[in-house]
Amino acid sequence: MTSSSERMEGWVQAAQNIKDEQRTVAGKGDRAVIAWMGYDAPPAPPDLGVFNQEAAEAGASKLAASIRGLDAVRAGNMPRTNVLAHSYGTTTASLGLTQAGVHVDNFVSIASAGIPQSIPTADEIQADHVYAGQARDTLVGFRGFGDQYAYIGRDFSVPYRLDPTNDSFGAETFGADGAVVDTPAGPQQLRGVKDHGVWTKHHEGYLDVGTESLRNVALATTGNGDRVSPAR
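Just so you know, the sequence shown maps onto residues 361 to 592 in the numbering used here.
Hints were generated in silico from the structure; no laboratory data involved.
Computed from a predicted model, the values in this text were never measured in an experiment.
Hints may contain errors.
What the hints assert, rightly or not - Restricting the straight-line Cα-Cα distance to at most 16 Å, the calculated cross-link-like pairs of lysine to aspartate or glutamate (EDC-like) are:
| no. | residue 1 | residue 2 |
| --- | --- | --- |
| 1 | 422 | 407 |
| 2 | 379 | 366 |
| 3 | 561 | 369 |
Stated by the list, open to error - Each pair of labels, with its calculated beta carbon distance range:
| no. | residue 1 | residue 2 | range |
| --- | --- | --- | --- |
| 4 | 439 | 406 | 18 to 26 Å |
| 5 | 390 | 428 | 18 to 26 Å |
| 6 | 481 | 422 | 18 to 26 Å |
| 7 | 477 | 418 | 15 to 23 Å |
| 8 | 414 | 542 | 43 to 51 Å |
No residue lacks a Cβ here, since even glycine has one placed at the ideal position from N, Cα and C.
Using the sequences and the hints given, assemble the complete structure.
Printed below as a string of structure tokens:
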């Protein structure tokens, strides 16, 4: 919601954070991170676009075309390919990953505004692994306690959309509320996400440096999903 190529600073920094964290958890490698902003995301309320699927359906076709194009220029020799989606982007990406001729290694959902009911389980998504992370829900206006917006997209859309972190959906879930994890250098305290954004001035977003969420995203997208810290 409200994302646009006119304002990419946060997404550029988030993409860099992912690439840096991938190197931290998986070592040196030949990797690239694309901040894909290839469709018209819905604006903020009072516009009601975020509560329906029109923008997501249009964007899904464009994302699917981008993935098919990558496969075409690689002549069928695709590198490990991940789609990481945030908020309403998870609605868009999940629809794109059910289209013909599209397949990725990992689909990672964070702060989901909901998966359409037409995709009842993770098995419907054309990815080898489907991951989902979500910080605790908190009320709008109470910054610093958790994610204040994702549940609104899920629960108040028409029709309502599915939470990919629910057991019934069948995704591999991971933690985002902060945890102590074991690293080669010893135990490390990772911060919890306390905002719906990916990159915030308070360093509390889903892809901010030092968060449990960022580390788990990096693990999932480097083939180390078995090492993600669990959701609580």
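* Starting from the hint 15 to 23 Å, judge whether the C-beta atoms of residue 477 and residue 418 obey it. => holds, 19 Å
* Distance restraint between residue 561 and residue 369, which requires alpha-carbon spacing of 16 Å or less -> holds, 12 Å
* **Beta-carbon spacing of residue 414 to residue 542 - inside the hinted bounds 43 to 51 Å or not** => holds, 45 Å
* To do: Assess, step by step, whether the Cα of residue 379 is no farther than 16 Å from the Cα of residue 366, and give holds or violated.
  => violated, 22 Å
* Asked: Holds or violated: residue 422 with residue 407, Cα cutoff 16 Å?
  -> Roughly 23 Å between the alpha carbons, so the hint for residue 422 and residue 407 is violated.
* Return holds or violated for the Cβ distance of residue 481 and residue 422 against the range 18 to 26 Å. => Holds - the Cβ-Cβ distance for residue 481 and residue 422, about 25 Å, lies within 18 to 26 Å.
* For residue 390 and residue 428, compare the CB-CB distance with the range 18 to 26 Å and indicate the outcome. => holds, 22 Å
* Just tell me: holds or violated, for the beta carbon distance of residue 439 and residue 406 against 18 to 26 Å? => Violated: the Cβ-Cβ distance is about 43 Å, outside 18 to 26 Å.
Of the hints listed earlier, those the structure fails to meet are numbers 1, 2 and 4, in rising order.
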